[in-house]
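Residue numbers (this note's numbering), protein chains in the order written: chain A, 957 to 1268; chain B, 224 to 624.
Calculated from the structure, these hints are not laboratory results. None of the values given here were measured: they were computed from a predicted structure. Watch out, some of these pointers could steer you wrong.
What the hints assert, rightly or not - Here are the simulated DSS-like pairs of lysine-lysine, each with C-alpha atoms no more than 30 Å apart in a straight line: (1) A:K1196 x A:K1182; (2) B:K247 x A:K1080; (3) B:K578 x B:K605; (4) A:K1080 x B:K281; (5) A:K1246 x A:K1201; (6) B:K330 x B:K288; (7) B:K601 x A:K1075; (8) B:K282 x B:K261; (9) A:K1118 x B:K453; (10) A:K1236 x B:K518; (11) B:K481 x A:K1075; (12) A:K1182 x A:K1075; (13) B:K247 x B:K281; (14) B:K330 x B:K282; (15) B:K330 x A:K1118; (16) A:K1075 x B:K330; (17) A:K1075 x B:K482; (18) A:K1123 x A:K1236; (19) B:K281 x B:K601; (20) A:K1132 x A:K1164; (21) B:K330 x A:K1182; (22) A:K962 x A:K1118; (23) B:K378 x A:K1080; (24) A:K1123 x B:K330; (25) A:K1173 x A:K1255; (26) A:K1164 x A:K1182; (27) A:K1080 x A:K1164; (28) A:K1236 x A:K1246; (29) A:K962 x A:K1075; (30) A:K1118 x A:K1132; (31) A:K1080 x A:K1118.
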Amino acid sequence: MDLQQKIAYNYFFSRQARQHLSEQGLGTIANSDLEAAQDFCLRLIRNAQAKVPFQPWVAQDGDELKWIALSRMLLSQSANPFAARLFGEGLAKLCAYRLGLEDPQVFTAVLTQLYPTLKTDGDKYALGIADYTSGQNELVYAPLDGGKISIDREALVEMASKHAASKAADLSGIDKTALPPLITEFATNFTEALPSSPALMMRQFEGKFLNQGCMKKILAGVGEGKRFYGSMAIAIACQKDGLSKEEASALMRQYVTNCQRSSHEFRESEALASLDWVYKHPGINLSCRKLLQQGLIDKYCDGCPQTRKKTE
Amino acid sequence: MENNVVAKDAAEQPAVQKEFERTKEHEFIGRHFQQFYKTHQVNVPSTSMREFGFGYEKKIDLRHKSFQSQKELQDYFISKVPLYASYSAAFYEYPAARPMGAKNFLKAELIFDLDANQTHEGHNPVMCPHCQETVRADVIRLLEDFLFPDFGFSKEETTVNFSGSKGYHVHVAMESLMQLSSTQRDQLVEYCAGTNVDFNRFFTLQKHVINHRSIEVISGPSKASAGWAKRILDRALAILALPQEDFIARFKQAGYTKKQAETIFANKDYVAQQLSEGRWSAIEKPDLLVAEIAKTAGIGRNVSLDRAVTTDMSRLIRIPDTLHGDTGLLAKTLSLSELSNFDPTNSALAFDMKKTEKVIALDHYDFYFGGSSHVLEKEKLKEVPLAVAMLLLCKKKALLL
C-alpha cells in the first residue's frame, strides 16, 4: 500500500479519499454492503459511547470509505442527529488513533489538507489564525505571535479529530430524495438499531410543554441552521413549565450536546444566552407555527393544548 | 443640481432627499458637498462587487444599491449628493439583490470600528479634542499591540481611515482573512477587547508540602509566552518599572496597602526577574496586579470597539475619502505614519478655512477647529471660516443668515 492509498483508506476527509471514491464509486450496492455499513456505523457509535478505550484499527483497503459513505446516507434517513453525532465522534476517535501512529511526513500531509496554514519545524507545529479559530479554539488563550499559534501534536490531533467528527456528522449535503430505494428501505431497520437520546430527554416533565412530541424532538438535537431557534423554543418551554433556571440550564446543556455538530460550532453559551433572554422576558409565548416554519417540527403534535386552542 | 443620474435605481430615490433640499442650510450643505465631489474622486476597489448605502437624514436611508464602475459611482455622488455614503466590506455576486441571501456572499474584508464614548466630563459637543485623542490613541494601540504583532496583519493590506466624525475604521484586506466566519471575526474582536478573558487560565497553582508546611507556587506568563500571556507579563514589568511615586500610586490603586507597595518596590528588580521566569509567587497577591492590568490591557475600555461592525458582514461602513454629513469633514484615509500625529480638525478638512460665511449659532460654542479657537455667542451672527460654518450647519448647531 503506497502513501497515497494509505491516506485515502484511513482518512475519509482527505483529498485522496475523495479521489478514491470518485474513481471507484460505490459500485452496485447490495444488501450485504448495507449490512456491513450498519455494523461499521454501530461499532463506531458504541466506541463513541464507550468509557473504556476501544479497540481501534487501521484500514487496509477502501471498504471503510464505502461504509462511511453508506452510513452517512442511512443516518440522513434516520433523522437522528444524536446518533449522527455519535457516529462522527466514533470516527473522530479512530482518526485520532491513526494520526497518533503516523510518522511526521504522513501526519503533516494529512493535517495540511485540513489546515492549509499549518507550518512545521521539526516536532513543532504552528497554525494561522483562520485555521486555529475554525477548530473551536479560543484565540484569546492561544500563544499567538505574528499571526501564528504554536500548537503541539497532541492538540493538533484533537483539533483534527473534532474536525473529522463535524464532517462526518454533517449530513446537510446529502440529498435524501436522490438516495436509491434500497437504502431508503434498509434505513427503516437501521433506524431502529440506533441509540435514542439520553435518559434526560425521556424524563417526564410536569408542565404541558416539555412533554410534547415537538419538544422531545428538539431536545434530541437539531441540525445546523436550526440550533438557535431550537434553543429559544426549549427556553420558552422550560420557562412556561416552571423549571428553575438551573434545571433549565442543565436541560439546555444536554440539548447542545445532542445537537448535530457540523461545520459551525454551536456553543453552550449561545444556547444559555437564549435561556437568559427568555427568563428575562417571561411574556414570550411558544409559537407552534414558528416551530413549523423554522423546520424544527414536521407537523403539529397530536393533542397539543397549544394547537387545539388555535384550531378549535 | 445636475440630472445625469446613472445609478440603477435612481427612480427609487426616497422622499428624504426632497426634505434634504428643504432648508437653505440643507441647500447650502448640498451645494458644497456637490462641489467637493465634482473635484474629488471617490476610489472604491472592487466597486461592482459591493453593496452601497446612502443617507440624507440618517446614516443610511437607502441601501442595496450597486454600481458597475467607479465612474457610475462618482456620477451618483455628483448628482444625488448624499450626506452619508457607506459600502459593504463584503463582496457579493449580486450586490443589489434582496434579501441579503440573494446577494450571494463571496468574501468580506475585516473591519474594526472604534468610536468615542463621549462620557467624560467637559465633553465638547461641537468638536471634542479629548474624544478625538482618546480614540486615536486606541487605534494606534490596536494596530501596534494587537493587529501587527499578534495577528501578524500585513501593513500593506491594512488601512486606517478617520470616520469623518469621532471614530476611526481599520480595514484589513488580506485574502487569507476574507473567508473568516462571523464567529471567527468575533474571536478577533474578543481578543483585542479582552473583556471576557479569564485571567486565571494563564496561571497555575501548585501546592507543595515541605517540612509539614504547605507552600503554594504560582506559575504564570514568562518571557517565553506569547499572546495575552505575554501582554500580562509585559504590562506587569512596565508597572514594576514605574518611578517610585507612580509605582506606589498604581499598586495602591490595584488594592495593595502602601506598606505592601513599598516592599515590592524595594525588591522590584528581583520581582521583575522572577516574573520573567514565570514565577509569580515572587509578588504578593499577584491577582491584584493582574486585575489592575486587566482594566486597561484591552481595547475598548476608554473607547467603543463596535463588535457588530466586525462580526456582521452585512453591515455597511463609511466609504473612505467621502464626506461625513454630521461634520463636513473628510473620512480621510491615513498612512500609518500620518496617524501618529493626525488631527482631524486640521488634516481632514474638506472645505476652505480662508473663505468665510456668516452663521447664527443656536447656543454658546467654544471649540478648536482648523488651527484656531472659535467662540460663538448664542443667537449672535458671526462670520466664520467656511469649514467651520459647514461643521456647525451639519451638526445643526447654527443657521445661515
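Structure-based check of each hint:
no., hint, verdict
1, A:K1196 x A:K1182, "holds, 21 Å"
2, B:K247 x A:K1080, "violated, 68 Å"
3, B:K578 x B:K605, "holds, 13 Å"
4, A:K1080 x B:K281, "violated, 53 Å"
5, A:K1246 x A:K1201, "holds, 24 Å"
6, B:K330 x B:K288, "holds, 18 Å"
7, B:K601 x A:K1075, "violated, 66 Å"
8, B:K282 x B:K261, "holds, 22 Å"
9, A:K1118 x B:K453, "holds, 28 Å"
10, A:K1236 x B:K518, "holds, 29 Å"
11, B:K481 x A:K1075, "violated, 49 Å"
12, A:K1182 x A:K1075, "violated, 36 Å"
13, B:K247 x B:K281, "holds, 19 Å"
14, B:K330 x B:K282, "holds, 24 Å"
15, B:K330 x A:K1118, "holds, 25 Å"
16, A:K1075 x B:K330, "holds, 25 Å"
17, A:K1075 x B:K482, "violated, 50 Å"
18, A:K1123 x A:K1236, "violated, 36 Å"
19, B:K281 x B:K601, "holds, 27 Å"
20, A:K1132 x A:K1164, "violated, 34 Å"
21, B:K330 x A:K1182, "holds, 24 Å"
22, A:K962 x A:K1118, "holds, 21 Å"
23, B:K378 x A:K1080, "holds, 27 Å"
24, A:K1123 x B:K330, "holds, 22 Å"
25, A:K1173 x A:K1255, "holds, 11 Å"
26, A:K1164 x A:K1182, "holds, 23 Å"
27, A:K1080 x A:K1164, "violated, 56 Å"
28, A:K1236 x A:K1246, "holds, 21 Å"
29, A:K962 x A:K1075, "holds, 22 Å"
30, A:K1118 x A:K1132, "holds, 25 Å"
31, A:K1080 x A:K1118, "holds, 21 Å"
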